[in-house]
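Undergrad: Sequence:
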Amino acid sequence: MHLLSRLLLRNASRFYGSANILLINPPADLPWRDLFAGAEEVSLFSQDFADCRTLRASGAEVEFGVVPHESGTSPDTILLALPREKERLRMLLHWCSVRLPPRGRFFVAGENLAGGRSAGRHLRDRFDRVSKRDSARHCTLFEAGSPRRTEPFGLDRYLRTWRQPDGARGVRVSSLPGVFSHGGTDSGTALLLDNLAAIAPAGRVLDFGCGSGVIGLATKALNPGIRLSFCDSNAAALEATRRSLEMNGMQAEITASSGFCDLSGPFDFILTNPPFHEGHRTRSELSIGLLAPVRNFLAPGGQLVLVVNRHLPYARWLESEFGEYRELAGNRHFRLLHAVKSGS
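Mapping to the numbering used here: the sequence shown position 26 is 911, numbers consecutive.
It should be emphasised that the hints constitute simulated quantities derived from the structure, not laboratory data. Some hints could be false.
[What the hints assert, rightly or not] Simulated restraints, written as ranges between beta carbons of each label pair:
id, residue 1, residue 2, range
1, 1194, 998, 18 to 26 Å
2, 988, 1045, 47 to 55 Å
3, 998, 1106, 38 to 46 Å
A virtual CB, placed ideally from N, CA and C, is assigned to each residue, including glycine.
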């Protein structure tokens, strides 16, 4: 069981008496029915589509998005699982402070390695009353109240935009808190973009784990005839990509997907800077696991192009899956790798 789920079960009595509870980004294995058995209404919201799928499979109704939809009734209790990114935390705290009634209760639970111990400092920016309630299972639980509603919430205030260099045809890109490399293009993706013209993707192209969508946007700018698709499990990434497409006057298919689970192939090209973070942890097996079905989603002769950290074992995986691969470019930190699905 997830460490946060254990911490919350240990503190189940703190939630007694709550009538309308909103859970934001709960762990996928949280036994929410048992934890909040006395509540009249329990609403679940997640920014992660993989967690949504798992929770929905358990019978839960889960809203997926960047921030929860504002219904007519405000929750009297909100429980937030601490995100890894500080700016995403600030955005969610802003939304919660506006949505929570003056006498409502707000809880934040987080792993200590992900900033759980210092969460109280961020809470004090939005709430007058902040108390640490528990510290166990390498996690910390805070409770807050008396929200300060100094300014209305608006997603646009957290949006960042920039323009790519001419090599990517100057496409405009947007991102939101929680999107990988929020506010700019990381150096690994930049290596891929620098070599796009030589790769010359054609046909049906997928930007897998799209983040801000910059790879797909630049590909479309260089090759307008492609049929472009984006996928990500992160709601903020999908919304940022949608906004980026609008800014550039482009159209493409955008799919919320847990890995390849919700996609329909085949694709002629799959381009990716694969994710390898899970919370505060770095795990190469995470992205290799996500990419494991990739051959099934490539057309015969279809091509996979991925940029990866040099120290991670993607080359061995490509050899085992495709038989061979090429390194198209590289530097001290990253490798741009290419593999082709054989067959006719």
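Undergrad: Determine for every hint whether it applies to the structure shown.
TA: Comparing the hints with the structure gives:
1. 1194 <-> 998: 18 to 26 Å: This hint holds: roughly 21 Å between Cβ atoms.
2. 988 <-> 1045: 47 to 55 Å: Violated, at about 35 Å.
3. 998 <-> 1106: 38 to 46 Å: Given a distance of about 40 Å, which is inside 38 to 46 Å, the answer is holds.
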